[in-house]
Amino acid sequence: MKRWIRWSGLAGFIVISAILVLGWIFAAGPIIKYSIETFGSQAAKAKVEVENISLTFAPFGIEIQGLQVANAEKPMENLVQFERAVADIELLPLLLGKGIINEVALTGMAFSTARKTSGALDKTEVSPTDSQDGDAAGDSNKSTEVAESKTDTAKEGQALPTADELLAREPLLTEQRGKAFKQSFDSIKAESDKAIAALPDAKALTSYEDDFNRITSGRFDSIKDFQQRKKEFDGLKKRIQQDKKAIDKAKKVLAAGKKDLQGQWSGLQSAPSEDFNNLKGKYKLDAGGVANLSRLLLGDQVGEWSEEGLYWYEKIRPFLISDEEAAPEEAEYVSPEGRFVHFATDRPLPDILIREVKLALQLATSETELGDVAVTVYDITHQQEVIGRPTRIIAKGNGLKDIKSLRLNGILDHRQSPGKDSFDLNIQGMILKNYDVGAMGLKLNHSQIDVTGQAELIDGIIAAQSVAQFTQAKFSSKDRTQVAVEMSKALAKVKSFDIKASAKGELTSPKVSISSDLDSQLNSAFNQRLKEKQKELEKQLEKKLNDKLLSYAGGYKDQLKAMNLANGSLADKQKKLKKLAKTELSSLEDQKKADAKRKIEEEKRKAQAKAKAAADKKRKQLEKEAKERFKKLF
Amino acid sequence: MIAMLAKLLKALNSDSAPSQIALAFALALIVGLTPLFSLHNILILFIACIVRINFGAFLLGTLFFSGLAYLIDPAAISLGESLLNNVSYQTLWTDLYQSDFWRATRFNNTLVMGSLIIALIAFIPVLLVSLWLISAYRKKLMVWVDKLKITKVLKASKFYKVYQALAE
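Protein chains in written order, with the numbering used here: chain A, 1 to 634; chain B, 1001 to 1168.
Because the hints were derived from the structure by calculation, they are not lab data. Given the structure is predicted, the values throughout are model-derived calculations rather than measurements. A portion of the hints provided could be inaccurate.
[To be verified] Stretches of chain A that chain B covers, calculated by requiring three or more beta carbons in the stretch to come under 8 Å of a beta carbon on chain B:
1. 4–15
2. 83–97
3. 382–391
[As the list claims (entries may be wrong)] Facing chain B, according to a computed beta carbon distance under 10 Å, are these residues of chain A, among others:
4. 337
5. 338
6. 340
Beta carbons: idealized from backbone N, C-alpha and C, even for Gly.
Could you put together the complete structure from these sequences and hints?
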């Protein structure tokens, strides 16, 4: 037997095997570190740094220390980092080229931590695609700024606007019509002033009368005198005719201007009430307005949470699953290296499989740390159809500060196309303290919240809904304004309310809706206060709008009065001129006829007087005789 | 290559047991016919290292059978297909498939399965034939070859000097 055993061969085999194994052990760490840093940086578009990588042998695995993934959009910040990750790798499947990792334990994991050095890739490392992405990052920064400014605007919007703010931000009919009115008024005033200026004044009219009297009174001494007077009379009549025309024109100008101004004036007068109604409709402080209150007060917060959730979902998703469809097997083609025939098994081996990842996420608010949430992710692979199981995420937070229990279940099922990602969230007994509501100095001093939520993502379409049940609510307000005080009083009666949020549509731009029964609860309590506030605001608005109206109306009334007066005096003038114009200069024969007529009338008058005197004398004689006869009888 | 061939000839002409040379050929048959990077070949290599076989014969045999494998592979794949898809063996294969060790052997690969079966079936015949051929060579052929003129010419050649140097 001894003759058959070659001990030197055994030693050689052991030595060669040892050299190979040791070489691999020493080389593996740096090779894996290089691979993670190089390919990781390409994928993250920012520096991925690993402090150290070493192999472990009981069990066989790999230990990664101090991994930092920089944020491409904020180079001085890490997207994620962890202190230590230990992966338990199955050795035998490695011989088949399968990376089967039983468990990955992550410790000291943290998000959005500050970096000492910039995590931006060197320019030489940035490919054209990356630079485009860099631009995109720039754009995203811009969009972040825009989003921030929007947030600021939204925050500003949380304070109820004053009448001045409302009037300043809205296009007003009063202003539009007022400006138009002022323009028309100026032009009409100029035209009417011009027309009035062309009219004869009172002095001219008196002079016309004097001239008429002078020309028409007295006898014609001769034909020459008559002709002289006739010439003057015709000249005077011509001037009067011209003045009459000027008066007619002025009357027309004044009438048209008056009509135009009166039309615009009525439009301008109704503008404040139209503006007021528009503003009232837009900034309705009725039940509908209250319905917007919960969105106004809580919408931004819900929006921020949703955005953050989606941001991390999109970042993590590519590492958990792959949407690449498996290439169909070419059944007919027989490789010269043969093919693998697979059998039913409860341990199928995809190319890469991480059976279990355990990590502790640190939950924190801006003020305090809430504790750790234990996250376990099962079956991470891009070949779910091989293992026949979806990727599952379970996050549990027990014994958290201010949260009784937190549980998130996620299933990323991509065994069939299209894949379906679904999540269930359940938070019980979350204590919310001193939540600054934002408007009217309102603060939610204390409340207990239970949250349930579901989300489903299929082919880029999201359908999510959540209900947050607030109990033991206690509100307060530091503001001493009447609105804040009334609001506090109304909210004091509200001990529990819920907020329902839903998101539907494209994952990138879902339609988000938020509703709450807080609205209906507040509605009745707050309605009275709103009415008062409404009246107050309406009064302010009306006053402001009327002030605006008056500023545009200017001397319209005075001008109108002046126009009316001018119109009246024009009528007098016209009447006088008409009368004067009707006057005719009599001819010489007419004068003779008139003399004869006058003479006859004089004689007639004298005869009548004579007859009357004779009749009177006769009557007196008869009366005297009658008296004497009576005396004789008695 | 010359040195390797010389070693083989030395082995054939030396006092090395014919069985050691024949076993080297038989083991080379398995390594040569089956895909080189298979788990069972580590075992064969290990055996080749610790069992006193002629290593030169083993390496030469591996080269020879690897060449031969190109001709045999299609038949090996067909055999592997029929064996792995044979209903009678499904339970066996399924049981083996549950074990990472057996999967690491790539037994479910048609070429590995077919060529290994061919190699295992041919192992004993190759061993015996090699043994018989070596014995026959030493008893009859070596004497007869030594008498040949060509052998005398070859003994005067450079190749023979190398052979001699190695033989000492």
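- Task: Take the segment 382–391 of chain A, compare each residue's beta carbon with every beta carbon of chain B, and decide whether three or more fall closer than 8 Å.
- Result: violated (count 0)
- Query: Okay, the segment 4–15 of chain A and chain B, do three or more residues pass the C-beta test at under 8 Å?
  - Reply: holds (count 8)
- State whether the coverage of the segment 83–97 of chain A by chain B holds or is violated, taking the criterion as 3 or more residues with Cβ-Cβ distances under 8 Å. With 5 residues close enough to chain B, the hint holds.
- For the hint on residue 338(A), does the least C-beta distance to chain B fall short of 10 Å? The hint holds - residue 338(A) has a Cβ within 10 Å of chain B, the shortest such distance being about 3 Å.
- Query: Do the numbers back the hint for residue 340(A), that is, is its least Cβ distance to chain B under 10 Å?
  - Reply: holds, 5 Å
- Query: Any CB of chain B closer than 10 Å to the CB of residue 337(A)?
  - Reply: holds, 6 Å
Hint compliance for this structure: hint 3 alone is broken.
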